[in-house]
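Numbering of the sequence shown is given in the working numbering, commencing with residue 10 and proceeding in unit increments.
Be a bit skeptical, because a hint or two may be false.
[Stated by the list, open to error] Here are the simulated DSS-like pairs of lysine-lysine, each with C-alpha atoms no more than 27 Å apart in a straight line:
1. K23 <-> K142
2. K127 <-> K22
3. K70 <-> K106
4. K23 <-> K106
5. K103 <-> K48
6. K88 <-> K70
7. K142 <-> K70
8. K88 <-> K106
9. K22 <-> K136
10. K136 <-> K99
11. K48 <-> K22
12. K48 <-> K88
13. K127 <-> K23
[To be verified] Listed next, with one range per pair, are the computed distances between beta-carbon atoms:
14. M111 <-> I71: 34 to 42 Å
15. G140 <-> E34: 40 to 48 Å
16. V151 <-> E53: 48 to 56 Å
Treat the hints as calculated values from the structure; they're not laboratory data.
The beta carbon of each residue, even a glycine, is placed where N, CA and C say it ideally should be.
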Amino acid sequence: MAIRYMTQEGYNKKMAELAHLENVERPDVVRAIVEAREKGDLSENAEYDAARERQGLLEAKIAELKNLIAGARIIDASKINTDEVQLMNKVTIKNLKNGAVMTYTIVGDTEANMREGKISISTPIAKGLMGHKVGDVVEVTVPAGAMQFEIVEIAV
C-alpha cells in the first residue's frame with residue numbers, strides 16, 4: 010500500500026465520495042439488477058448486463074478509494090514552514106521569459122486540480138521548486154523545454 014499525503018480537506022472529500030458510492034450509488038445498482046432480473050430471461054437482457062457492468066465498475070472504484078484512504082497520511086498545516094518550498098505550500102513564481110506570475114499550491118497526487126491552482130508534487134514544476142527559497146531562480150524542464158522561474162513568495 011502506497012503512502013499518499015493529503016490535506017484534511019482532501020481526505021474529507023475522499024471520505025464523502027466513498028460514503029456516496031456506498032450509500033447511494035451501490036443501492037441504486039442493486040435495485041437496477043433486481044428490476045432487470047424480474048424482466049425474465051437473463052441471457053438476452055441488455056439491462057441486466059448493463060447493470061452488472063455498472064456494478065463491477067462501481068465496486069472497483071470503491072476498492073480504489075478504500076485503498077487510497079487506507080494509505081492516506083494527513084498533513085498538519087500548522088507544522089508547515091515557508092522557509093523553503095515543500096508539500097502544501099502555496100508558491101508564487103514568475104516566469105523569467107515572459108514575466109507571467111502564477112501561484113500554485115503543491116499537493117499530493119490525489120488532490121491535484123489545475124482549476125483550483127493545485128499541482129501535484131510529481132509534476133516537473135513542483136519537483137523543480139521543492140527545497141528552494143524565495144528569490145531563488147530555478148530551471149524546470151517541461152515538455153515544451155527548459156523554463157526559468159523565480160520564486161516570489163512561499164505561503165501556507
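To see whether the hints hold, each was checked on the structure:
no. : hint                     : verdict
1   : K23 <-> K142             : violated, 32 Å
2   : K127 <-> K22             : holds, 15 Å
3   : K70 <-> K106             : violated, 43 Å
4   : K23 <-> K106             : violated, 38 Å
5   : K103 <-> K48             : violated, 63 Å
6   : K88 <-> K70              : violated, 32 Å
7   : K142 <-> K70             : violated, 39 Å
8   : K88 <-> K106             : violated, 34 Å
9   : K22 <-> K136             : holds, 25 Å
10  : K136 <-> K99             : holds, 14 Å
11  : K48 <-> K22              : violated, 38 Å
12  : K48 <-> K88              : violated, 59 Å
13  : K127 <-> K23             : holds, 16 Å
14  : M111 <-> I71: 34 to 42 Å : holds, 36 Å
15  : G140 <-> E34: 40 to 48 Å : holds, 42 Å
16  : V151 <-> E53: 48 to 56 Å : holds, 53 Å
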